Amino acid sequence: MPEVELTGTLAIGSVTESLRLFFEEYLTSQYLKQLESNVTHGYQNSLKIVCEHILPACERIQLELSKLLGFSLWTQRYGDFLEIKAVENSIECIREFVTQIHLFTKDLNRLATTFKAFIKWITMVTEKVTSGPNTEFQNESSLCEDPELVLEFLNHDFIKDSLAEYFVLPTQGNKIKNISF
Numbered sequence: 003m004p005e006v007e008l009t010g011t012l013a014i015g016s017v018t019e020s021l022r023l024f025f026e027e028y029l030t031s032q033y034l035k036q037l038e039s040n041v042t043h044g045y046q047n048s049l050k051i052v053c054e055h056i057l058p059a060c061e062r063i064q065l066e067l068s069k070l071l072g073f074s075l076w077t078q079r080y081g082d083f084l085e086i087k088a089v090e091n092s093i094e095c096i097r098e099f100v101t102q103i104h105l106f107t108k109d110l111n112r113l114a115t116t117f118k119a120f121i122k123w124i125t126m127v128t129e130k131v132t133s134g135p136n137t138e139f140q141n142e143s144s145l146c147e148d149p150e151l152v153l154e155f156l157n158h159d160f161i162k163d164s165l166a167e168y169f170v171l172p173t174q175g176n177k178i179k180n181i182s183f
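Counting in this note's numbering, the final residue of the sequence shown is number 183, and the numbers go up one at a time with none missing.
Just to be clear, a hint being listed does not mean it is correct.
Each pair of labels, with its calculated beta carbon distance range [stated by the list, open to error]:
id, residue 1, residue 2, range
1, 48, 18, 17 to 27 Å
2, 129, 94, 32 to 42 Å
3, 33, 171, 19 to 29 Å
4, 129, 47, 23 to 33 Å
5, 102, 158, 49 to 59 Å
6, 4, 85, 31 to 41 Å
7, 39, 79, 52 to 62 Å
8, 26, 47, 29 to 39 Å
9, 82, 114, 44 to 54 Å
What the hints contain is simulated information worked out from the structure, not anything from laboratory work. Treat the numbers as computed from the prediction; the structure is a model and nothing was measured. All C-beta atoms in this analysis are idealised placements derived from N, C-alpha and C, irrespective of residue type, glycine included.
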């Protein structure tokens, strides 16, 4: 479990032999720069899609649904053409969706922050490991500027995708499936 060894390196400041080999063979500074660039680009594009496309579309949908709700309440003119409950259910679904989008952007920003701290730390560790075979990090106060953020990344995001919950539909209680027209 590499996150345990990396956490040990973060806490103690020493690198195990297997981790040292991993740093020397796979984690080159060029690879880390490319990884940082790709991941940061992905985070930025996700936020851009949310801010420029999804949220404006949701606002337009909410506006149109509020108009439909007004029409459904005007029973003198429209009668039973529009069911009030169906429109209200649709409004509630879009509200829940917007809430989830806001939670997603919050979690994405948190992930971007922790990843930035992690990549900065892992780059410095890699540079120290490749600079000499017996390098110890215990007296290096500047090696990790944000150990809490690095630890958070290692514990929550290094092995698993903390954003996966936003891309999998829940099996029960899904209001979108419960809309009745």
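Hints not upheld, ascending by number: 1, 2, 3, 5 and 6
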